[in-house]
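Colleague: So you can see what is in the structure, the chains are spelled out below.
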Amino acid sequence: MHVNYFIVTYVAMEAKIMAVKLTDKLLMSVEKPSRYTGNEWNSVIKNPADVNIRFAFCFPDSYEVGMSHLGMKILYHLLNEREDTYCERVFAPWVDMEAKMRENNIPLYALESKDAIKDFDFVGFTLQYEMSFTNIINMLDLAGIPVLGEQRTEGQPFICAGGPCAYNPEPLAEIVDFFMLGEGEEIINEVMDAYSDWKGKGLSREEFLKSIVNIQGIYVPSFYDVTYNEDGTIKSFEPKDPAYPSKITKRIIKDMDKAYFPDKIIVPFTDIVHDRIMLEVFRGCIRGCRFCQAGFIYRPVREKSHERLVELAKQLEENTGYEEISLTSLSTSDYTSLDDLTSGLLNEMEDKKVNLSLPSLRIDSFSLDLMEKAQKVRKSGLTFAPEAGTQRLRDVINKGVTEEDLINSVSLAFNGGWNGVKLYFMLGLPTETFDDVAGIADLAFKVVDAYRAVPKENRGKGLNVTVSTSSFVPKAFTPFQWEPQDDMETLYQKQIFLKDKIRSKQITYNYHDNKLSFMEAVFARGDRRVGKVLVKAWELGCKFDGWGEHFKFDLWIQACEECGIDPHFYANRRREYDEILPWDHIDIGVSKKFFINESKKAHEEIVTPNCRASCSGCGVTAFKSGICGGTEN
Amino acid sequence: MINIRTKFRRGDEVKYISHLDLMKVFERAIRRSRLPIAYSQGFNPHPGMVFGLPLAVGVTSDAEYADFELTDDTLSANAFAEVLNKQLPEGLEILVAKTRKTKQNIMATIAASEYNVLVGISETPDEKTLKQGVQKFLAQDEIFVDKWSKKGGTKKVDIKSMIYDLSFELQTCGSFSVIKLDMLVSAGSKANLKPDLLTTALFAFLGYEYEIERVHRTKLFVQAQNQLVDPMDGIVL
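Residue numbers (the working numbering), protein chains in the order written: chain A, 1 to 633; chain B, 1 to 237.
Since the hints were derived computationally from the structure, they do not count as laboratory data.
Where hints are given, some of them may not hold.
To be verified - To give an idea of the interface, some chain A residues facing chain B are shown, with a C-beta separation under 7 angstroms as derived from the structure: (1) N39; (2) F269; (3) T270.
Computed from a predicted model, the values in this text were never measured in an experiment.
Heads up, the beta-carbon is just placed ideally off N, CA and C, and yes, glycines get one too.
Required output: the full structure, derived from the provided sequences and hints.
Modeller: Structure (structure tokens):
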């Protein structure tokens with residue numbers, strides 16, 4: 001018996017990590033099989049025997065979406081710079097592939113080695129949007145990893161997560177072992193070092209989590225207790241041990257020029273959403289739009305120098321052969337050396353036949369001129385995001401755009417030959433009335449008038465104005481975090497009202513599904529208790545919820561009912577300022593006092609100047625970086 | 001301006017990418033290599049590359065061809081291949097490169113293709129029976145198959161004249177057999193017979209349930225002086 005036992009364990013150890021077998025027949029039966037076979041240019045291949053740490057970097061959506069994500073590109077190459085670590089990519093297999101995998105007992109595997117990830121050291125997820133959460137559960141299940149943290153035992157991977165949705169980590173508290181809050185470039189190396197110390201010593205999983213809990217930015221949800229009041233609000237949130245931090249402060253990169261950025265990125269075979277070089281110009285945003293979570297969680301604004309950016313662009317172009325470079329940031333027009341950067345890039349890239357694409361630019365004569373030079377594409381569509389239809393409401397949300405700005409911009413564009421304009425708005429913003437909704441239609445008609453005012457010989461033929469409305473989802477760490485979301489019926493009434501107002505041949509109106517926005521609102525501000533709903537909804541068959549054709553609202557409602565969770569409590573309830581919010585133990589640097597003040601100013605329709613115009617004292621100066629006292633000042 | 005014809009291999013690692021994706025792989029590899037590719041004029045300049053016959057997804061090949069137009073007359077074909085190979089992903093490799101003087105590009109002149117098709121059947125026919133079956137199949141006056149038309153639906157097409165050669169090797173293993181078909185068939189814009197279509201027709205005729213295990217292109221031919229010649233042959237370069 002004893003001998004047998006020995007042999008069995010020996011074999012099990014030898015065969016610990018196994019590559020999956022993907023037959024031609026299987027791959028030929030699914031759509032776009034090259035998404036599942038790896039081998040792309042610049043993908044990193046290592047010998048697993050040479051490393052100590054296997055890291056599965058998971059994006060809980062399709063290959064096309066995940067491969068377009070800049071954060072993953074950075075952290076993938078950063079981890080692979082380590083000799084002791086092999087970081088590989090994992091995406092959610094599309095439904096046809098998943099069905100085949102389950103049918104043939106093929107567990108979720110990593111793209112580079114094709115090894116099953118269930119025995120990796122880490123399985124890390126990036127959380128980009130709430131409606132990808134069921135895919136996390138589905139991927140863990142497909143991998144053969146227990147979904148709940150408490151079910152996982154020694155030898156199974158640690159599940160970690162980061163990204164914007166990690167700032168309210170509570171809905172995933174029972175699934176994820178630890179969260180990394182803030183920018184991952186430094187913290188992830190610290191965690192790998194700690195793991196390297198822990199591994200192989202026969203210590204418990206808890207020991208490892210204890211060894212990292214005091215690294216700034218690490219949140220281990222199982223180390224905290226939550227109690228609730230009778231009305232369902234949170235009564236207390238306490239660390240189980242005073243040695244654990246009671247506030248978890250996010251991590252930031254202080255000097256963007258010195259921050260790690262790969263000089264090569266993977267060039268996929270098949271088309272992905274953003275198939276180009278993404279040049280990250282700066283992090284953060286000076287604007288402070290009150291609905292925008294990104295505008296607060298990524299504070300302070302930290303720029304890369306234009307010299308460094310041109311250098312990076314050169315390296316990336318050389319190593320990828322991409323024919324397009326896109327400048328990315330939350331608001332590229334706010335980059336202080338945009339002129340130097342774009343002329344430097346145009347200079348460098350012109351004879352290499354590389355196009356420069358410039359999303360999120362404010363439209364003025366400078367940017368139109370730039371687009372003329374940079375993009376050799378048809379003058380079709382330009383995008384504007386006034387977000388609200390009236391000046392009153394734009395003041396409420398602190399969107400510093402006036403009607404005059406918009407009309408001047410579109411007039412310039414029409415004079416330059418553009419003939420398509422997309423206008424983005426939100427419905428259901430706090431204090432919104434039907435007058436504000438009507439304002440959206442008025443604005444659209446004024447854009448049409450601006451086109452008509454342009455002499456025929458100057459403007460492009462055939463005007464096309466598209467108005468798109470999304471439904472406002474209040475997010476954590478915004479001045480609107482206490483606001484109720486409009487109920488679905490009200491949102492629907494507003495959509496119908498607007499549709500009726502903009503009957504015009506030149507204007508197309510699109511609007512989002514309110515049901516999806518409602519579920520998003522539940523998880524955006526959910527607490528630990530809504531985690532049960534995620535698991536239940538997945539059990540009922542929910543996945544790929546962000547893809548309209550897969551979103552099954554009825555099942556979500558059924559899941560809420562079966563778990564005894566009232567979704568309206570999370571989506572449609574106004575919170576008091578003194579209520580303990582599920583994310584109050586997370587510190588993004590912006591103080592709650594500032595958010596309360598901003599919330600009050602919103603209701604008083606008072607705007608707050610942007611960070612460059614004057615400091616409003618949000619609290620982020622504590623990071624002493626970028627615009628708040630770093631290299632910029 | 002010079003023209004270089006290349007013969008390249010497409011292995012298992014890259015057999016699932018589409019023809020369009022393959023062209024993008026070459027375009028980006030050439031950009032990385034800084035080879036002096038010629039670009040077309042106009043609003044949306046395209047690199048001067050012409051590929052032979054598109055390969056179906058899932059098929060490997062030892063005989064893919066592409067013509068490249070380059071602006072540097074002093075560039076040797078061998079140097080071109082060497083530089084480009086360094087930028088090609090696993091599974092793609094230029095095997096031969098030669099300078100081309102004739103006007104006809106590879107795509108316009110492709111006439112025939114040779115394939116190996118591995119087929120599995122869960123029966124164990126003997127060699128002689130199979131041989132007779134194949135002979136009878138080929139001896140038919142007409143061989144009609146259902147071909148998908150671009151408009152949707154199928155139409156009946158006679159493929160008899162598109163089959164130049166068909167032979168097989170039989171290997172029996174327990175209760176099943178693997179049949180390796182070697183086929184030389186019409187290819188190109190005038191008449192094109194896909195290997196799976198011929199395989200389907202043959203096995204329907206033989207009456208065996210079958211499964212295609214793999215398809216591999218071994219050779220490609222162009223038409224010159226009324227015969228099939230290798231695209232690297234001096235008379236077509």
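Colleague: It remains to establish, for every hint, whether it holds in the given structure.
Modeller: Structure-based check of each hint:
1. Satisfaction of the interface hint for N39/A is found here, the shortest Cβ-Cβ separation to chain B being roughly 5 angstroms, below the 7 angstroms cut-off.
2. For the restraint placing F269/A at the interface with chain B, the shortest Cβ-Cβ distance is roughly 4 angstroms, inside the 7 angstroms limit, so the hint holds.
3. At its closest, the beta carbon of T270/A sits 6 angstroms from a beta carbon of chain B; the interface hint therefore holds under the 7 angstroms criterion.
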